[in-house]
Amino acid sequence: MNLLSSILYDTVYHSVPLILAVLGGLFAHKANVLNIGLEGMMLMGAYSTTLFVYITGNLWLSVLLGVLVTLALGFVFAFFGVTMKSNVIITGLGINLFAQAFSAFMLKYMQLANINVSNIVNVSELKINIPVIEDIPVIGPLLSGHTPISYITLILIIVVNIVMFKTRFGVYVRVVGENEEAAKSVGINTTLIKYVAILIGALLCALAGANLATERMALFTNNMTAGRGFIAIAAIYCGNAMPLKSTLYAIIFGLARSLAINLGLFAGPVSGLFEMVPYIMIVVVLSVVSAVETSHRRVRGFTNG
Amino acid sequence: MNAVLGVLAPVIMTFLIGAIIIVAIGEDPLTTYSVMIKKSLFDFNGLMKTLHFASPLILTGLAIAVTFKANIFNMGVEGAAVLGAFFATVVGFSLQGVPHVLHVVLCLLTGVVTGILFALPPALLKAYFRVDEMVVTLMLNYVVVEITKYLATGVFKDPASGYVSTYAILDSAMFHKIFGTDITPFFFVAVAVFAVMWVVFKKSKLGYEITAIGLNPEFSEAAGMRVQKKIIILMVISGAISGLAGAGFLMSEKYRFTLDFSGSPGLGWDGMLISLLGGHDPVGIIIAAIFYAALKTGSEYIGLFTNVPKEIVSVIQSILILFLSVKFLNGRFRLSERIRGFIKSRSRSQAVAGEVKGDLQ
Chain Z
3 MNLLSSILYD
13 TVYHSVPLIL
23 AVLGGLFAHK
33 ANVLNIGLEG
43 MMLMGAYSTT
53 LFVYITGNLW
63 LSVLLGVLVT
73 LALGFVFAFF
83 GVTMKSNVII
93 TGLGINLFAQ
103 AFSAFMLKYM
113 QLANINVSNI
123 VNVSELKINI
133 PVIEDIPVIG
143 PLLSGHTPIS
153 YITLILIIVV
163 NIVMFKTRFG
173 VYVRVVGENE
183 EAAKSVGINT
193 TLIKYVAILI
203 GALLCALAGA
213 NLATERMALF
223 TNNMTAGRGF
233 IAIAAIYCGN
243 AMPLKSTLYA
253 IIFGLARSLA
263 INLGLFAGPV
273 SGLFEMVPYI
283 MIVVVLSVVS
293 AVETSHRRVR
303 GFTNG
Chain L
1156 MNAVLGVLAP
1166 VIMTFLIGAI
1176 IIVAIGEDPL
1186 TTYSVMIKKS
1196 LFDFNGLMKT
1206 LHFASPLILT
1216 GLAIAVTFKA
1226 NIFNMGVEGA
1236 AVLGAFFATV
1246 VGFSLQGVPH
1256 VLHVVLCLLT
1266 GVVTGILFAL
1276 PPALLKAYFR
1286 VDEMVVTLML
1296 NYVVVEITKY
1306 LATGVFKDPA
1316 SGYVSTYAIL
1326 DSAMFHKIFG
1336 TDITPFFFVA
1346 VAVFAVMWVV
1356 FKKSKLGYEI
1366 TAIGLNPEFS
1376 EAAGMRVQKK
1386 IIILMVISGA
1396 ISGLAGAGFL
1406 MSEKYRFTLD
1416 FSGSPGLGWD
1426 GMLISLLGGH
1436 DPVGIIIAAI
1446 FYAALKTGSE
1456 YIGLFTNVPK
1466 EIVSVIQSIL
1476 ILFLSVKFLN
1486 GRFRLSERIR
1496 GFIKSRSRSQ
1506 AVAGEVKGDL
1516 Q
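Sequence order for the protein chains is Z and L.
Take the first sequence: its position 182, counting from 1, is numbered 184 in our numbering, and each next residue is one higher.
Take the second sequence: its position 223, counting from 1, is numbered 1378 in our numbering, and each next residue is one higher.
Calculated from the structure, these hints are not laboratory results.
As the structure is a prediction and not an experimental result, all values here were calculated from the model.
Just so it is clear, CB atoms sit at the ideal spot from N, CA and C, and this is done for glycine as well.
Incorrect hints may have been included.
[Said to hold, decoys possible] Straight-line alpha carbon distances no greater than 25 Å define the calculated DMTMM-like cross-link-like pairs of lysine to aspartate or glutamate that follow:
no. : chain 1 : residue 1 : chain 2 : residue 2
1   : L       : Lys-1384  : Z       : Glu-295
2   : Z       : Lys-110   : L       : Asp-1436
3   : L       : Lys-1193  : L       : Asp-1183
4   : Z       : Lys-87    : Z       : Asp-12
5   : Z       : Lys-87    : L       : Asp-1287
6   : Z       : Lys-110   : L       : Asp-1337
7   : L       : Lys-1312  : Z       : Asp-12
8   : Z       : Lys-168   : Z       : Glu-183
9   : Z       : Lys-247   : Z       : Glu-180
10  : Z       : Lys-110   : L       : Glu-1373
11  : Z       : Lys-110   : L       : Glu-1182
12  : L       : Lys-1304  : Z       : Asp-12
13  : L       : Lys-1332  : L       : Asp-1436
14  : L       : Lys-1304  : Z       : Glu-277
15  : Z       : Lys-247   : L       : Asp-1287
16  : L       : Lys-1224  : L       : Glu-1364
17  : L       : Lys-1465  : L       : Asp-1287
18  : Z       : Lys-87    : L       : Glu-1373
19  : L       : Lys-1409  : L       : Asp-1287
20  : Z       : Lys-87    : L       : Asp-1436
21  : L       : Lys-1312  : L       : Asp-1415
22  : Z       : Lys-110   : Z       : Glu-127
[To be verified] Derived list of chain L stretches under chain Z, where covered just means 3 residues or more per stretch with a C-beta under 8 Å from a C-beta of chain Z:
no. : stretch
23  : 1284–1292
24  : 1298–1309
25  : 1424–1438
[What the hints assert, rightly or not] Now the in silico label distances, taken between C-beta atoms and shown as ranges:
no. : chain 1 : residue 1 : chain 2 : residue 2 : range
26  : L       : Arg-1381  : Z       : Val-294   : 36 to 46 Å
27  : L       : Leu-1370  : Z       : Val-294   : 25 to 35 Å
28  : Z       : Val-125   : L       : Tyr-1363  : 35 to 45 Å
29  : Z       : Leu-6     : L       : Asp-1326  : 53 to 63 Å
30  : L       : Gly-1458  : Z       : Asn-60    : 28 to 38 Å
Take the sequences, apply the hints, and build the full model.
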């Protein structure tokens, strides 16, 4: 592969888990529940899916089980955040630390440095090469040779956009986020809506984790999500929680990582520093977006809203 | 009384869940917990070790509290501590022939300045452009990981060391152990900072403003506080204390910078738990820090007496954070009132039931 096509391919490769987390996080964000726990849910998805592959030897059954475990974690978050009315930011951080600590604890208990399932899952067989299209330059690496979950993601972008703007559920989510009291007064079960919004996030984060660990590397290592959940939150912020706009930001961050990795190959000894480019870029993009918003503000002094 | 119960209830529930996990892997939770507590609190050397490990945690706890209490979610405490430790190491091994006290002070100052510089960008962005400080500080933490990894594997790597590590700091830059115990002068530095912060929180105008901004920034602004400026001041204080924590921990315990310097889950994250446990209050923080350091010291001994991996402590910590995110007895979830209400309604319904019975007879 030449440089351009490998950059394009890697952009898709690195964007997929981000897009999934973004799409999942959107609903909770629109319902006014700040879900910081995306990172932990993604890690739990990655860990449990890989662990179940290790135990059962069946990839798609494991993805299902991994989704169920992550949904349970999402339920814990929803229970604390919605029913118990906790400080959701701190609950979310607790979820993140729990996923990280629990997977590290279990790895230590099983006396493994990482969970390697490459003898069960053949990564290269999972890639779907589309005939004819795979040979077209530029479009080929973008559309062909990706994993099943990547293609599901592509469909989900459209599905989420429809659900958010064309269905009753989407309207309810947005109403709950805009004005919870008003939503209650017209008989919307706000607690239920919030639960569902959070659980959709857990579901998609589980898929993101399965994609990240099992499907493309057949490997789980400690803390392998490396901040992707927070990058997704930044993308949601920047994109104003609009599905297409936020997805676009997720792709920009995927592109940043892809560029960092591919150009890092030519950088020799300083290539290690390229690793931090995506993180810095998020700070810069978020700052620019916020600065533009602030410039429209007419109130003097500090406001939070 | 309510405040004490509000802290104890989550702690007890957490230990119960921890016990279930320990039972699930086929070990004895009582032995595990008793080893942890006996070795860390009821043994002189163990206690000194606990106080030694509590020193950086008191500082990171205070660093978190000063921002969290004002509802500024500064997650950069971890990054500031690591970066502060790193540059303190550089000063620690590169300056030669400096008198002991001066060298120690210089290293600590390096940590403080690094921490401040690290906290400034998110503070300015938050104050002037309303950029979400949580995302920014979290992202900068990853940047710190990459920068220190790059520098520690490159320019500052000690070739004599088998793994990635910088040179060890010189003897003149170390905090030495006192009377053969584990405690070092750094503990007293931490206590001094605690004293200063106690005055700030309880007696100063700034302490009042922290509470006010935490409760309602718009109102505080309207009441004449300059919230933008205050955010920057609080972030700078937080960064300074975090940098000091990292530098001090390095100079009293690690002596050289390695990639796992901050441990898992890291000084900053420990500090967050401690600050939450202590209710963002200095006295609460010092108690919580000692409690948590006892867990950490005790966890070192778990492996000697049981087969439970010491990572159980981070699991316990994360569950504790989950429980602490709910305000148990005060705030919105009024457990004590609910229990009281429940008992009242029970006794009332019993009384009603009694009356009904009486009527029937």
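Original post:
For the pair supplied as a hint, Lys-110 of chain Z and Glu-127 of chain Z, is the alpha-carbon distance within the 25 Å limit?
Top reply: violated, 31 Å
Original post:
Has the given pair, Lys-110 of chain Z with Asp-1436 of chain L, been kept, meaning a C-alpha gap of at most 25 Å?
Top reply: The given pair, whose Cα atoms are some 35 Å apart, is violated under the 25 Å limit.
Subject >> 25 to 35 Å as the expected CB spacing between Val-294 of chain Z and Leu-1370 of chain L, which holds or is violated >> reply: holds, 30 Å
Original post:
Is it true that the CA of Lys-87 of chain Z sits at most 25 Å from the CA of Asp-1436 of chain L?
Top reply: holds, 22 Å
**OP:** Mind checking the alpha carbons of Lys-87 of chain Z and Glu-1373 of chain L for me, to see if they're no more than 25 Å apart?
**Re:** holds, 23 Å
**OP:** Would you check chain Z against the stretch 1284–1292 of chain L, counting CB to CB pairs closer than 8 Å, and say if three or more residues qualify?
**Re:** Satisfied; 7 residues make the cut.
Subject >> 25 Å limit on alpha-carbon distance, applied to hinted pair Lys-110 of chain Z and Glu-1182 of chain L >> reply: Given pair Lys-110 of chain Z, Glu-1182 of chain L holds - Cα atoms ~15 Å apart, limit 25 Å.
Original post:
Is the hinted pair Lys-110 of chain Z and Asp-1337 of chain L satisfied, with a Cα-Cα distance of at most 25 Å?
Top reply: violated, 28 Å
Original post:
Does the alpha-carbon distance linking Lys-1304 of chain L and Glu-277 of chain Z stay inside the 25 Å limit?
Top reply: Within the cut-off at roughly 10 Å; holds.
Original post:
Within a Cα-Cα threshold of 25 Å, do Lys-1332 of chain L and Asp-1436 of chain L meet the stated pairing?
Top reply: violated, 29 Å
Subject >> Holds or violated: Lys-247 of chain Z to Asp-1287 of chain L, with C-alpha atoms at most 25 Å apart >> reply: holds, 18 Å
**OP:** Please work out if Lys-1193 of chain L and Asp-1183 of chain L have their alpha carbons no farther apart than 25 Å.
**Re:** holds, 16 Å
When each numbered hint is compared with the structure, violations occur for hints 2, 4, 6, 7, 10, 13, 17, 19, 22, 26, 28.
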